[in-house]
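Protein chains in written order, with this note's numbering: chain A, 4 to 305; chain B, 142 to 572.
Possibly wrong hints are sitting among the right ones.
If you anchor each label on the Cβ, the simulated ranges turn out as follows [claimed, not checked]:
{"no.": "1", "chain 1": "A", "residue 1": "G68", "chain 2": "B", "residue 2": "E187", "range": "48 to 56 Å"}
{"no.": "2", "chain 1": "A", "residue 1": "V301", "chain 2": "B", "residue 2": "D555", "range": "15 to 23 Å"}
{"no.": "3", "chain 1": "B", "residue 1": "Y225", "chain 2": "A", "residue 2": "G158", "range": "51 to 59 Å"}
{"no.": "4", "chain 1": "B", "residue 1": "D179", "chain 2": "A", "residue 2": "G212", "range": "53 to 61 Å"}
{"no.": "5", "chain 1": "B", "residue 1": "D268", "chain 2": "A", "residue 2": "G42", "range": "18 to 26 Å"}
{"no.": "6", "chain 1": "A", "residue 1": "I238", "chain 2": "B", "residue 2": "E187", "range": "41 to 49 Å"}
{"no.": "7", "chain 1": "B", "residue 1": "D555", "chain 2": "A", "residue 2": "Y244", "range": "23 to 31 Å"}
{"no.": "8", "chain 1": "A", "residue 1": "T25", "chain 2": "B", "residue 2": "G221", "range": "27 to 35 Å"}
{"no.": "9", "chain 1": "A", "residue 1": "F177", "chain 2": "B", "residue 2": "D555", "range": "29 to 37 Å"}
{"no.": "10", "chain 1": "A", "residue 1": "L59", "chain 2": "B", "residue 2": "S465", "range": "21 to 29 Å"}
{"no.": "11", "chain 1": "A", "residue 1": "R21", "chain 2": "B", "residue 2": "S465", "range": "51 to 59 Å"}
{"no.": "12", "chain 1": "A", "residue 1": "L137", "chain 2": "B", "residue 2": "Y225", "range": "18 to 26 Å"}
No wet-lab data here; the hints were simulated from the structure.
Cβ coordinates follow ideal geometry from the N, Cα and C atoms, glycine included.
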Amino acid sequence: MTAEAAIEAPKPRRQRDRWRATGWKFAAPGLSMIAIVMGFPLIYALLLSISSFTLLHPRLQPFIGLENFRTVMADEYFWHSVWITIKYSAVTVAGEFLLGLAIALVLNRVVRLKAVYFAILTIPMAMSPVSVGLVWHMLLQPNLGIINRLLDASGIGGIDWMGDPNLAFWTVVFVDVWQQVSFVILILAAGLASLPKEPYEAAEVDGAGEVQQFWYLTLPMLRPVAAIAIVIQLINETRTYDLVYVLTRGGPGIATDLLSYFAYRRAFLGLSISEGASVSFVLLLMVLALTVVFFRLVTRRA
Amino acid sequence: MNTRTLTTMLGGASLATLMMASGPARAEDITLHALMEDVPETHIIEAMLPDFTKQTGIKVEFQKLVYSDMHQKLVTQLIGNASYYNVLEVDFLWAGEFPEAGWLADLQPFVDKTGFDLKPFIPSMMDLVGNHKGKLYMIPMYNYSMGVVYRTDLLEDPKLKDAYKTETGKDLAFPQSLAEYVEISKFMSKHAGNGVVGAAMQSQRGDPNSMEFSNYLFSNGGRYLDDSGKVALNSPEAVKALELYVDNIKNGAQKGALSATLDDTSRLMCDGKAWSMVTYWWMLPQMDNKDACPNVAGKVAVGVMPGGHGESGGWGWGIPKNESPELQDAAWKFISWVQGKEASITRAMQGHAPTRSDVYSDAGVLAKYPYYKQALDVVASGEPFPVFTYSAQYEDVLGRQLSLAGSGDAKPADAIKAAADGLDELLKKSQ
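Extracted from the complex, chain A is given alone in its bound form (with noise of 0.2 Å):
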């Protein structure tokens, strides 16, 4: 190394510390953001599910460490909510990507009134899940709703679709499916549009079908965009609370008591908030858990 070089080396340093200080500098609104609006409250939670808050008490001290935790575990009810969540979820998110991505590719083909047919399937989004849940509640009302009206008419006769327990479950994973799928379609679109047309191009000189450039392009270069719209899917699956508030109650017996329902009844009826929150904490890890399973899964195969 020259003289000259060993002077001019911290140059570099000092301009690339400069520019990390203005990215610092740029991120710091959204970063104080996500830490007001995310940190305080999940730090919060985790002060209340390690600590003796009731509606009656509502004081954090003493705290008790991990009583609550072992407190909702002993509790025979809650690992049918885990095992029903961790099911809900796998179901929900393989109907709706299934789903989604049958109708993405076929819009993907469609030329005219495609922003129509976008504006259409954006609506079920655009509802809240309670507004979801209470038109469907009427909908599938077995006495006097529409659709068993309409199967009695038809002679097939009406279903119990909410108070049969072999039943109840799959009604709202059919209503959850129905909504939620607009989502899943308008993310696999946007990725079908953005996909290279060359790859299919050279598969067709070379004699590729339709159902192998599918199999061996459209799904492999489509991966990264369907991860995302699985494990955000996936999140917002095994959070499920209000279509199960609305239509079953986690009932017939406790055959929809979904996780989030449980850490609710225990907060709000139990009026023990940080029993809830113990099970709001079992909820996130189960979340993180089931990420990272994915993401990984997905990465390996890559």
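Based on these hints, arrange chain B on the given structure of chain A.
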């Protein structure tokens, strides 16, 4: 005028303005907010609110919700420094929890200050939604004791009478026991025709099925607690009551009973598609309304639960503790007006379920609604759901077991045992 004089004058004027602004609120400036259950009683009072505003200058706004959403909404307001709701409608299930949590103001000083007369209030109502541990936290608002609302035309139908006689050897008449009620309910589902079922049942898990089953329990001689306050639910009477309840869900009720609420059952009954419903006695005038329910108006009656006892409940008015004295005074003005004799009789003339004995014996009320005599029987014979700090949670515990039994996932005996153990655990937790 020099600068000093001008400054002094401006300062004085500003101070006077400030003092005026920070002085006691005028009645015309006060608007009371109340979270109310969306039921006929609320609509009756809401229609009378302009009279109260005319008399006092105080405005009152009702926010109406279904029952199941009220508890959470109220609790989140009451744990804060100030509540948006200045007048509280308190269900008897929360009548232990709210005072224990320190959310309700003691109403005795308001009673003493204004000379409000508590004597006309039915004592059982004062015990249910008035006093808690010797202190007055609520003024009873209305009762929701439950009985059987049923179709008289079906009971009197000659064809059905013959068929029932042939099938059972008995005369078709209003049932005298719970077993007989379920038997007739199943018979109606089989023979009444036109899609009519025996019972419109509200067996959704939680408050709906807990309230409904309580009627079956009391009707069959079961109890939640004995006289010493110990859990007495796990009894042969309770198991039999649950067996009959499940039997009626499966063979006497409408499709979807396990997910049905009061809204569903009242629509079904109003539509003429059910022989009976175990419900609040004040649903009778709703069903007997020619405009709202033309299919059943003039053909319905109310009776005490077969067996002699149904479930008794009620609502009370309370004032939040986390409220300014001005707003508390305004809230008390409203409560003492709406529960006064004059307003109570006006409400009763529109179908109100009174908590004052002098309203039940009012000649005008009885002339318009002769069935208030039966209503008084329903109220007098009613037994309460356990009222303690965790009543709302107990409804959830009981509701889950009832729903499990109804869906066939638990045997009635096991469900009753689990419900009894749950009650015992929560009672211990509350002590």
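Hints, verified against the model:
| no. | hint | in the structure |
| --- | --- | --- |
| 1 | A:G68 / B:E187: 48 to 56 Å | 50 Å, holds |
| 2 | A:V301 / B:D555: 15 to 23 Å | 45 Å, violated |
| 3 | B:Y225 / A:G158: 51 to 59 Å | 52 Å, holds |
| 4 | B:D179 / A:G212: 53 to 61 Å | 60 Å, holds |
| 5 | B:D268 / A:G42: 18 to 26 Å | 49 Å, violated |
| 6 | A:I238 / B:E187: 41 to 49 Å | 42 Å, holds |
| 7 | B:D555 / A:Y244: 23 to 31 Å | 29 Å, holds |
| 8 | A:T25 / B:G221: 27 to 35 Å | 42 Å, violated |
| 9 | A:F177 / B:D555: 29 to 37 Å | 32 Å, holds |
| 10 | A:L59 / B:S465: 21 to 29 Å | 24 Å, holds |
| 11 | A:R21 / B:S465: 51 to 59 Å | 55 Å, holds |
| 12 | A:L137 / B:Y225: 18 to 26 Å | 24 Å, holds |
Going through the hint list in order, the structure does not satisfy hints 2, 5 and 8.
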